[in-house]
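Participant: What follows is each chain in one-letter form.
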Amino acid sequence: AAGVIQSPRHLIKEKRETATLKCYPIPRHDTVYWYQQGPGQDPQFLISFYEKMQSDKGSIPDRFSAQQFSDYHSELNMSSLELGDSALYFCASSLVAAYNEQFFGPGTRLTVL
Amino acid sequence: ILNVEQSPQSLHVQEGDSTNFTCSFPSSNFYALHWYRWETAKSPEALFVMTLNGDEKKKGRISATLNTKEGYSYLYIKGSQPEDSATYLCAFSKAGGGADGLTFGKGTHLIIQP
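Protein chains in written order, with the working numbering: chain A, 229 to 341; chain B, 1259 to 1372.
Just so you know, nobody snuck in bad clues.
Straight-line distance between alpha carbons at most 30 Å, and here's what the computed DSBU-like set of lysine-lysine pairs gives:
(1) K250(A) - K1352(B)
(2) K1364(B) - K1327(B)
(3) K285(A) - K1352(B)
(4) K285(A) - K1364(B)
(5) K1300(B) - K1336(B)
(6) K280(A) - K1352(B)
(7) K285(A) - K1300(B)
(8) K1300(B) - K250(A)
(9) K280(A) - K1300(B)
Sample of chain A residues lacking proximity to chain B, with all beta carbon distances greater than 12 Å (derived):
(10) P236
(11) E242
(12) T248
(13) D299
(14) E303
(15) S307
(16) S314
These aren't lab readings, by the way, just hints derived from the structure by calculation.
Where a beta carbon is used, it is the ideal one built from N, C-alpha and C, also for glycine.
Make the full structure from the sequences, and use the hints.
Facilitator: Set out below in structure tokens:
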């Protein structure tokens, strides 16, 4: 069965640079979520989109923005990167009618030097 | 701020033994409770989503129960095998949260010793 696809899988950036992470949800899923997992921490919710509209917002820094496109894929844009942004970024997708059951992608490991 | 607590933080179990661990969550504003299995270098794997008080779900040797009135869920593993070694995460969905983010607990790290 098709799963959530994330690209790139690994990314290395310098401080103050920008990064764009991409997420392709499971086919026919209408909702996309972004999570950040720092070292030794549980995943922290950043933002979600349902039918291309922002649905819920968590602890997403103002330097980050995201959107969902007409083909339902989503991009997380991160600017003015800081050392503390180094983390594993998960994307998840769901059908909004399915009790918020979210299926996670493999994650993008971002390292900021 | 939603508080999801899991205990114990880590657990060592002999192969063949059964075990269980706990997730506590807010009893108000409840929508769903999720269990995930998370192996190192992999993405969290959905085990169960539970929505009704008294729900019991089972998948092979793993089962879960839900008490929404008192705000807790138990995950049980019967006859533990080495491949059960993983971190087990529970996550809470609040009411009206069809497209809302999950609030995760910090997980129970389970190690099965042969």
